[in-house]
Amino acid sequence: MTAPLLDIKNLQLGVSLGRSSYHPLLKGVSFQIMPGEAYGLVGESGSGKSVTSLAVMGLLKRPLAVTSGEILFKGQNLLALPKREMRRLRGNRIAMIFQEPMTALNPLSTVGRQIAEMFVLHQGKSWAEAEKLAVEALGNVRVPNPDRRARNYPHQMSGGLRQRVMIAMALACSPDLLIADEPTTALDVTVQAEVLRLIKELCAARGTAVLFISHDLGVIASICQRVGVMYSGCLVEENETRALFESPRHEYTRGLLGALPRLGSRSEHGRQRLVDIDSIIADRSRLTESRFIAPREREGSQP
Amino acid sequence: MTAPLLQVDDLHVRFPISGGGLLGKGRRTLHAVNGISFELAKGECLSIVGESGCGKSTTALSILGLQEPTEGMIRYRGQPLAGPGAPQRMDRAKAVQMVFQDPYASLNPRQSVRTSLAAPLRLHGITAASEIEGRIEAMLKNVGLTPEQAKRYPHEFSGGQRQRIGIARALILEPEIVVLDEPVSALDVSIRAQIINLLLDLQEKLGLSYLMISHDLSVVEHMSDRVLVMYFGEVVEEGGWREIFEVPTHPYTRRLIAAIPDPDAALNPAERQASDATVPQLAGRSFVSDGSTAPDVFTAPVRSELIEIGGNHRVRMALA
Chain A
316 MTAPLLDIKN
326 LQLGVSLGRS
336 SYHPLLKGVS
346 FQIMPGEAYG
356 LVGESGSGKS
366 VTSLAVMGLL
376 KRPLAVTSGE
386 ILFKGQNLLA
396 LPKREMRRLR
406 GNRIAMIFQE
416 PMTALNPLST
426 VGRQIAEMFV
436 LHQGKSWAEA
446 EKLAVEALGN
456 VRVPNPDRRA
466 RNYPHQMSGG
476 LRQRVMIAMA
486 LACSPDLLIA
496 DEPTTALDVT
506 VQAEVLRLIK
516 ELCAARGTAV
526 LFISHDLGVI
536 ASICQRVGVM
546 YSGCLVEENE
556 TRALFESPRH
566 EYTRGLLGAL
576 PRLGSRSEHG
586 RQRLVDIDSI
596 IADRSRLTES
606 RFIAPREREG
616 SQP
Chain B
-13 MTAPLLQVDD
-3 LHVRFPISGG
7 GLLGKGRRTL
17 HAVNGISFEL
27 AKGECLSIVG
37 ESGCGKSTTA
47 LSILGLQEPT
57 EGMIRYRGQP
67 LAGPGAPQRM
77 DRAKAVQMVF
87 QDPYASLNPR
97 QSVRTSLAAP
107 LRLHGITAAS
117 EIEGRIEAML
127 KNVGLTPEQA
137 KRYPHEFSGG
147 QRQRIGIARA
157 LILEPEIVVL
167 DEPVSALDVS
177 IRAQIINLLL
187 DLQEKLGLSY
197 LMISHDLSVV
207 EHMSDRVLVM
217 YFGEVVEEGG
227 WREIFEVPTH
237 PYTRRLIAAI
247 PDPDAALNPA
257 ERQASDATVP
267 QLAGRSFVSD
277 GSTAPDVFTA
287 PVRSELIEIG
297 GNHRVRMALA
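Here the protein sequences come in this chain order: A and B. The numbering of the first sequence is this note's numbering, which starts it at 316 and goes up by one. The numbering of the second sequence is this note's numbering, which starts it at -13 and goes up by one.
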């Protein structure tokens, strides 16, 4: 068996309340991502999916801090890495795409130059060479007229194009792991479909593993091989995508799937009411205490 | 036959866009809505779907009286709602109200829920404290909040509760038509389900007519009776929800439905492809645009017509 690319072990993270006391946000999260695998983290606002990704990137800022656990990337604990080493990994071996490309891109620099910077910083290319590579990278994410577009500033582009620029930038150095945090939430549906296909194809071609974070179960299903469901700082269930959607076992997962209006279900069920998670789970705080359900456990061993 | 509740007839909205030149040089006209016609019946939920910039919100704003139409007629119970002879803003408010996408942005942070809900009542001549109090209490119960919560401020509520307040505010004047502008797209999955359920319950209980603006087609399929698909200011396809979702005919509608990230479809791609075979044959007619290349919004669209292809199912085709 191959070693996992990313191995998160019992990660606990909290907001500092001063005097070394913390309000917990992640209460011991563990999961692994294999090389080349697309892993999805799904959950509602505040469930802890984004802070998990920030912890992996080493971008947590005070008052947020990891209180215990390990994040092993190719066997190396990222939490113990000096800042300098982490900077060499970030953008190079681990890259990230954010939700809102307008705030993630520098408005004062052309997109070509921002992509070229990746090659200069991480691969020691000259600016002239890097700018040629940047045009090539824009072509790879299917931006029309890449040489003209490279001279554009972010505000001259549409949301879909900007997100393509983000992808070009993130994949510039062919990273081992791409973290995508709600990358298509701000986009129109048809543009979203194109961007998702692009992420899927480019990562498959480069063997890049993906940690895909979204609240949208449909998006997760279309891109990930395995899914972890997060709720209130805990991973409550993890399984292969198909198995998770077809036979969810944790009551929160079941509630989440029942709360989703599904395409084509109206012809069978009419305009019925959707599942109200709060009404089936009277005590939400009890949810996280019930045991984590991993795929290998049998039905009978459920709590 | 009685007049439909709301009738929109050949609505056009154009915006003058100033060019870069001096003295109005390079002035152009943006064609936002190009000849939209539809009717809304009592108790019906009609959805307008389409992507950013297709003119769906402009259409809604025209109905609310927040955007003057360039051409065309909007009638409420047979009476014009825009242009000459239009009712005053106060009367219009009793007919049509709106629920906004982001309840936090549309509620005044310095007004308690009671103040927000009482203001429209007072403006419409209801001044007796006991009646105001009674109606606020009843309305809060209707939307699933408690009367005690009336003294709180918007920041004290969760996103779902705020949307309930937004709905209460839209319904307090007892309008017949409620425009829902992306009513659930800012909400989490579990909260979204609660608000959808609430909207369906209220519609049945109060006999409301909904005009829903949305890009989320799974929500549209769940809630609507009829659907209008808009693309660059025009209706490209309209029909009952069953026709639109089971026999989508215009290439843009099909593309839109195919793009919905739906777990069942993602896991069983074969089923979705099979639906291509169900497209009706349209002898000798062709589509003006297949929806993959954007038309120029600064020129009037190519003339085309909506053709009836089945009971209440119409699709836009090039002129024969």
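Calculated directly from the structure, the hints in this document are not laboratory data. Note that CB positions come from ideal geometry on N, CA and C, so glycine has one too. Any given hint could turn out to be false.
What the hints assert, rightly or not - Covered stretches of chain B, as calculated for chain A (at least 3 residues, CB under 8 Å):
#, stretch
1, -8 to -1
2, 189 to 198
3, 226 to 240
4, 243 to 249
What the hints assert, rightly or not - Simulated restraints, written as ranges between beta carbons of each label pair:
#, chain 1, residue 1, chain 2, residue 2, range
5, A, S383, B, A105, 30 to 40 Å
6, A, L374, B, N298, 49 to 59 Å
7, A, Q587, B, A124, 20 to 30 Å
8, A, G343, B, K191, 40 to 50 Å
9, A, V330, B, S144, 46 to 56 Å
10, A, S594, B, Q135, 18 to 28 Å
11, A, V330, B, G297, 40 to 50 Å
Structure-based check of each hint:
no.: 1; hint: -8 to -1; verdict: violated (count 0)
no.: 2; hint: 189 to 198; verdict: violated (count 0)
no.: 3; hint: 226 to 240; verdict: holds (count 4)
no.: 4; hint: 243 to 249; verdict: holds (count 7)
no.: 5; hint: A:S383 / B:A105: 30 to 40 Å; verdict: violated (52 Å)
no.: 6; hint: A:L374 / B:N298: 49 to 59 Å; verdict: holds (53 Å)
no.: 7; hint: A:Q587 / B:A124: 20 to 30 Å; verdict: holds (27 Å)
no.: 8; hint: A:G343 / B:K191: 40 to 50 Å; verdict: holds (45 Å)
no.: 9; hint: A:V330 / B:S144: 46 to 56 Å; verdict: violated (19 Å)
no.: 10; hint: A:S594 / B:Q135: 18 to 28 Å; verdict: holds (19 Å)
no.: 11; hint: A:V330 / B:G297: 40 to 50 Å; verdict: violated (59 Å)
Of the numbered hints stated above, those contradicted by the structure are hints 1, 2, 5, 9, 11, listed in ascending order.
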